[in-house]
Each structure stands twice: as C-alpha cells, then as structure tokens.
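2 protein chains.
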Amino acid sequence: EELEADLSAATISKKQLKKDARKAEKAGKASQRQQQQQPQAEEADLFAANYGDVPVEEIQSKAISGRSWTDIGDLDEAAAGRSVLIRGSAQTLRPVSKKMAFVVLRQSMSTVQCVLVASADAGVSTQMVRFATSLSKESIVDVEGVVTLPKEPLKATTQQVEIQVRKVYCINRAIPTLPINLEDAARSEAEFEKAEQNGEKLVRVLQDTRLNYRAIDLRTPANQAIFRIQCHVENKFREFLFSENFIGIHSPKLIGGSSEGGASVFKLEYNGQPACLAQSPQLYKQMSICGGFGRVFEVGPVFRAEKSNTHRHLCEFIGLDAEMEIKEHYFEVCDIIDGLFVAIFKHLNENCQKELETINRQYPFEPLKYLEKTLKLTYEEGIKMLKEAGTEIEPMGDLNTEAEKKLGRLVKEKYVDILHVCNCIT
Amino acid sequence: EELEADLSAATISKKQLKKDARKAEKAGKASQRQQQQQPQAEEADLFAANYGDVPVEEIQSKAISGRSWTDIGDLDEAAAGRSVLIRGSAQTLRPVSKKMAFVVLRQSMSTVQCVLVASADAGVSTQMVRFATSLSKESIVDVEGVVTLPKEPLKATTQQVEIQVRKVYCINRAIPTLPINLEDAARSEAEFEKAEQNGEKLVRVLQDTRLNYRAIDLRTPANQAIFRIQCHVENKFREFLFSENFIGIHSPKLIGGSSEGGASVFKLEYNGQPACLAQSPQLYKQMSICGGFGRVFEVGPVFRAEKSNTHRHLCEFIGLDAEMEIKEHYFEVCDIIDGLFVAIFKHLNENCQKELETINRQYPFEPLKYLEKTLKLTYEEGIKMLKEAGTEIEPMGDLNTEAEKKLGRLVKEKYVDILHVCNCIT
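Top line first, the protein sequences correspond to chains A and B.
FYI, in the numbering used here the residues of the first sequence are 1 to 426.
FYI, in the numbering used here the residues of the second sequence are 1 to 426.
Excised from the complex, chain A in its bound form (with noise of 0.2 Å):
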C-alpha cells in the first residue's frame, strides 16, 4: 500500500501504470477462475507437486533439505547436462503458447534463460506453465531444471545455457506493479538515443524514484558491480599496505573540535557539551605515527556540512586514508601510492573483468591504463609540458583544476594512453 501511494513519485508513465494494473486485474481474475471453475483440472494434473507458492511456515528454518543451489552466475558450457537447483527473481515472462514458456531469472549481475514446454515425460503440465507465467516480475523462484546449450547464442541474458525446467517454485511474490522497472533502469544512453531514432520513447527512472526506490534500484547489473568494485578497491587498498606494515585503525567520529580547518563541520550535543563530526581522521593518524605505529591506514566515513553541490563536494563519503612516517624523502609516500594505485588497477583488471564489462553496458568507460612503473614528472617537466601548450602558470604556482586536467591530457598523449601519474610533480 505504501509503495502504491508513493507511485506518484515514480516516472513510470500513467500510460503503461494504467495497462500493467489492467493487466493485474485480468491475470488476478483468470487465476481465480481458473481455482474456482476448474478443480477437476487441478485435481487431474499429476505433475501438481513440480511447482506451486512455497508457504511462508516452510522457509521459516523448519528442516534442512540438504539440498544446494547454484549460483546463476557460475551456470556455463561445463554445467551442460546436469541438474541443478537455482533462486533468482524473475526478470522477464514470456508465455509462448498454453503449453510452453520462458521465465528470465536473475541473480546479482547474471541471467538465465529458464524454458518450460508442457510435456509428460519432463513431469511439466500446462498448469505449472500457467502458473510460471502468472508470476510478478521481481518474484523470487526456485528452479530445478537441466542445463542445455542454446543453438544460437542468447542475446537477452547474460549466461549462455538454458535450463529446462523440471520444477518451479514461487518463494515470495512481488507486487503486480512496482514503482522501478528493472530493464528501464538499467538502460544506458546509447539505448535511449537508438530508441529515440526509432521513434520509441522509452521510460526513463530518474534520480529521485532511483533513491526512493533504492533496494530495487541496487538491482540492476550495473549497480550490482559498481557495490563490487568498491568491495575490490577497499580490500585491495587494505591488503596492499597491510602488506607493507601500515596497521589499519578506526579513529572517532564524534569529537570535541574541528579536526580540519577549510571545511564545514556538522555539530552537535553530546552529553550537554559541544561536539562536531570528523570532518578528516588526520589527527588521529597523525597522533597514531607519534604513539609509534611508524604506518596507518583507516578506511571509515567523513563528514563535512559542505553547501556547495559539485562532485568534489560531499556531506558524507568513505575516506581511503594512510599515513606514514618517512625517514628521509617524501619519495617513500610518492612510492607508496605508486605501488599502491598499480596493485588497485592490476586487481581489477584481474579480477573484475566481469564487473568492469557490466557497468560498461550502462555507463560506458575507456579501459583502464597504467605503466607498471609509473611515470614520474618533476614539476618543471609538468610546468614545460604546459607551456608548450600554451598554458602560462606562476614560477612554483599551484597547478588549478583546469591546467591540473590539461597535464593529465598532454601527458596521456604523449607518453600513449598513460592515465595514471603519481602526485610526485613537487
């Protein structure tokens, strides 16, 4: 009820809401014929047992099955032949015929193609293909089917195996309508663009139905691997100094002071005195190096009371800090982020090439490039660069964001496609 009232908000058309609620209706009334004026069917399927609603009471820890569930993801050419038992909600449903179906489901960033074709040998009826297709998107459904190979490659899910289905089974139902279509929010520009040439107009999910809507929203595959590349760049950033003796800490947030000058803190009460939040954990760090930790690192939120509404500007955000003691040259410091940026990149290009490729479908992106030893400018090579360009900056001048991003083009073409240089410009 609440996500009805709150439909206002979305930006799905009054249009298509008035045909998926017309739709409901007729799919709502159709099962309850079908319950009341067809027991005898009911009664004659002999396959009734391969798919139906799970009650709640039977997924509430009442008996380990011992059975084990694939992840869709891991479903490949390999699986052929095989059994398996896979949860997913259900992307798309496409009824084919009374006696034949395709159920999409999804898990995370993958998909599979689940095919039902009514046939005795299989233990399919017609009903449970009725029953398949009288699902809610976003329903989470059990299936136990074979795996199979396509004859042609499957262009609308990401695995490239079929599962004919032995069994369905519906977990938990999702509402008829929801306020986020998943394949519209999961579109990138390009398709936008192509519709639009093709005189189509697609529905678009804006910000504010993505953030109102946010646990539907995480769900498409972009999102889904953008929460991993985070995952990926923090474990990495942690077990790369970790490996180089930097002890990970947790500083306090609440504190009695300012902990930064140049930004805005967020105050408040703590016990009947003034308190703020941490707007840097620099102190803490830095107190850390005094008490003899030689090298720390903490990963934690800041946060700063900025009213300026830039990229660069945020009230709350995850810093990724280190701090090191340095013996003789800040070139230790410039060899660690070196070091320590080339391993995050490596790492990723490793291990997240499956991540990297599905947020590339909605946002495309250039690939990732970098020197495994980094370049390193001094700052009158960097001065030079711009000068030749035609950019003129102060003698020992700080470098502003424009001739900052101007460096970063000269450099990426002269030295072909080097994205990353390391701050050791002095």
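Keep in mind the hints are simulated off the structure, nothing from the lab.
Treat the hints with care, since some could be wrong.
To be verified - Taking lysine-lysine and the DSS-like style, the derived pairs with C-alpha atoms no more than 25 Å apart in a straight line are:
#, chain 1, residue 1, chain 2, residue 2
1, B, 236, A, 236
2, A, 373, B, 384
3, B, 236, A, 346
4, B, 384, B, 373
5, A, 167, B, 327
Stated by the list, open to error - Non-contacting residues of chain B with respect to chain A, defined by C-beta distances greater than 10 Å in every case (computed):
#, residue
6, 46
7, 62
8, 82
9, 222
10, 242
11, 282
12, 300
13, 341
14, 348
15, 365
16, 366
17, 404
From the three backbone atoms N, C-alpha and C, an ideal C-beta is built for every residue, glycine too.
Here the structure of chain A is known, so what remains is to put chain B in place on it, guided by the hints.
Same frame as chain A, now just chain B:
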C-alpha cells in the same frame, strides 16, 4: 610549554617531577659546560662524525641515501655479525662509566640493547658515549652497529641480541620530562603488587593521564599489540566473509530517522532538517539483501547516545556486522558465524603469538581455546544444564546475563575448556 602547563593533570608524583627537573637541569648545564669549556676536547674528537643531532633540514627530503633500516623486531640470532641500521625511541639510557653506556631502543612492541664502548678501533669516543647518555627518554635515535649475541639472556629487552654501536644520531630530541613515563605505563598489576610487598611504591599512570597524552600512552607494548590484534581481527572478518561470497558495504551514518528502537540517538541538524547518527547499519544491510546482494558485511562506526556507564554501553564503537539471505534454515547463519569465529581464533593463534604474549605481560588472560567444529547445544540442553546446576529458567524464557555467564562456565567445565559456544541455542 603546553605539555608542562598540563603536567598538573598527570599523576607523576611531585617528588619524581622535581627529581627529573633537577636531573634535566643538571644535564643541560653539564652539556653547556661541555660545549663552552671543552672546545679542545671537541676538536680533538677524531670520531665526531659518528654521532650528533641531525639538523631538521637534513631529514626534510634533502637526499635519498639508499640506506635501509632494519626493524628492531627482526633482530634475532641469525643477524649476529651483521652491521645494521635501526631507528627507535630511546627507552632507557644507562651510563656505566665515562667509557661505556647502554641505550635501549624501542620500536613498536620490540626493544633492543645498544652497547657503547669507547674504543678507537670501533670509532667510538668518550664524547660519543657522553652524547648518547645525554639524550632524553623517548627521543628518536638512529643507531648503526654490529649485532652480537649476549653471554646471558637479556631480561630487559624483547630482542635477544645486542648492538655494538658504531654510530649514533639523534633525529629528534624529546623534552627532558614527559608527562608519562613509559615504564610506569606498561606495568602489570602483578608488578605493582610485587613492589608493594617489597615496600616499594611505583608510579601509576591513571586513565585520565593516559587519555590526555594518548600519543605517548599508545607507545606501551600492550597498546601496540592491542591495535595490531584489532586490525588482524578485522582483516580476518573481512577475508572470511568475502570468501563466503559476502560483499563489504558502507551504509550511511547521517540519516533521517532513528535506525533501531531501544537505543538513544544523537540528533543533529542537516541543512535545516532534523537528522541523526545511525545506531546500526541494520536497515541498510536489509536493503542490500532486498537489493540482491545476497550476503553483505560492514565494518564501521555505530553511534548510540547512551547514558549508561557499563562496558556494554558505548556512545561510539566499531561494529562488525553481517547480514545474509537464508535459503531454508537459520542454521545457515549459525554455520557462517561458527566458521567465522573459528577462523579468527585460529588466525590469531597462528599469526599473533607475539602480540598475544605482549598483551599478556601487562594484562594477563587465559589462552584462547576452541574446537575446530564448534559445540552446538540446543536450547533444551542448555536449560537442562542450568537446571541441574540449580538455576531455574522460565520455560522458553530468555537467558539473562547472569544465566548466560553461568552456562558459559558450565560448558567450559563439562567440555574441557571450550570457550566458544555458537549462538545456536534456539
């Protein structure tokens, strides 16, 4: 100056303070006298280059010498005969004669004894011996020397080797009297008791002083070890869950409403609107599960405006949280928790012996014991054990803290020292 003004807050006895001050004054005068009255002696020192204060400019990224510093913790018998360079804090300075002195250097949890003996062969002058003993405690010192094996085991240091000093340079001098004496701060209760029995009164560093001078208190070996153990626990928590397909997330801490009933919230203003600090990542973990992540964990701060002063009530702490989809039985969660704790315990026992021993010296504890496959008791079995021991629990009632503790003791007695009972008591 600030440190001195604050000394009244410290618990160092006034007697000790005066004594220290007198000593420092004397040392200062002596060094002045030395510099003023013995120019000949200074000039006559052929080995003047082998010791001295390093001027600040020298260590400000002037040059990369290519030298490498050995960690004090790595100095073992295998290093005997080798020439090493180490950097540490001067923990104790013990002049034996004009020609001989001992300096103990500390780095994190490790200490090593450095021996200075004036000898032309070694390039060590009496002036160098005097220089070394003129250093104030906690000064940062570089020592170059040859590793030798002592005739008898060393009691005062962790490393069982000595350094025959060839060169000694002070990187940064500490003020003569510090608010916390590290030896005082690192004592165990047993040492205090023993001293008292001998009629000796040792200085106790109280909690307030420790917190007021946290950067110094952090240097005690036990604190060094505790922070390292914390980091290891977090690493293993993440590593184990990640290997079980959990994804690490970071949920918002600044939120629009309270995230959990029962606990008090910190309120603040967010751009003119009421907001509060998250008391739990619960809601966001659940949204992640609904969002299709399947399994998530989070390590991050939790804020509770608690007014209770117990060790179970904290205003800010780091929560190690996990949330997972259950397929059919909550034992799936129990098994993950079980595996997680065993993995953490195992990791600590196998990789953190040095840290555990270091903590044990100041804060003795019983060794960590656990079963590879965790003992599972049903609720009924637990209640039966309590009943037999004379504690009556209402049928199907919750166990209160007292009963929980008692059951822990009973399990430990019955199953020979098993500390870990899984939360599977339904």
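* To do: Find the nearest Cβ of chain A to the Cβ of residue 46 of chain B and say whether that gap is larger than 10 Å.
  => Residue 46 of chain B clear of chain A: closest Cβ-Cβ about 26 Å, beyond 10 Å.
* Mind verifying the non-interface call on residue 82 of chain B? Its CB should be farther than 10 Å from each CB in chain A. => About 19 Å separates residue 82 of chain B from the closest Cβ of chain A, which puts it past 10 Å; holds.
* Satisfaction of hint between residue 236 of chain A and residue 236 of chain B, Cα-Cα up to 25 Å -> Between residue 236 of chain B and residue 236 of chain A the Cα gap is close to 14 Å, so the pair holds against 25 Å.
* Regarding the assertion that residue 404 of chain B does not contact chain A, is the least Cβ-Cβ distance greater than 10 Å? -> 22 Å, holds
* Taking the closest pair, is the beta carbon of residue 341 of chain B still more than 10 Å from chain A? -> Per Cβ check, residue 341 of chain B is outside 10 Å of chain A; nearest 20 Å; holds.
* Asked: Once the closest CB in chain A is found, is it more than 10 Å from residue 348 of chain B?
  -> Given a closest Cβ separation of 15 Å, the condition holds.
* Asked: Holds or violated: is the Cβ of residue 62 of chain B farther than 10 Å from all Cβ atoms of chain A?
  -> Violated, because the least Cβ-Cβ distance between residue 62 of chain B and chain A comes to about 8 Å, which does not exceed 10 Å.
* For the pair we were handed, residue 236 of chain B and residue 346 of chain A, check the Cα-Cα distance against 25 Å. => 23 Å, holds
* Given as non-interface: residue 365 of chain B, partner chain A, CB spacing beyond 10 Å -> 21 Å, holds
* Could you grab the alpha-carbon distance between residue 167 of chain A and residue 327 of chain B and see if it respects the 25 Å cut-off? => Given that 25 Å is the threshold and the Cα spacing comes to 17 Å, the pair holds.
* To do: Taking the shortest Cβ-to-Cβ distance between residue 300 of chain B and chain A, state whether it exceeds 10 Å.
  => About 6 Å separates residue 300 of chain B from the closest Cβ of chain A, which leaves it inside 10 Å; violated.
* **Holds or violated: residue 373 of chain A to residue 384 of chain B, with C-alpha atoms at most 25 Å apart** => 66 Å, violated
In this structure, the earlier hints numbered 2, 7, 10 and 12 are contradicted, and the remaining ones agree with it.
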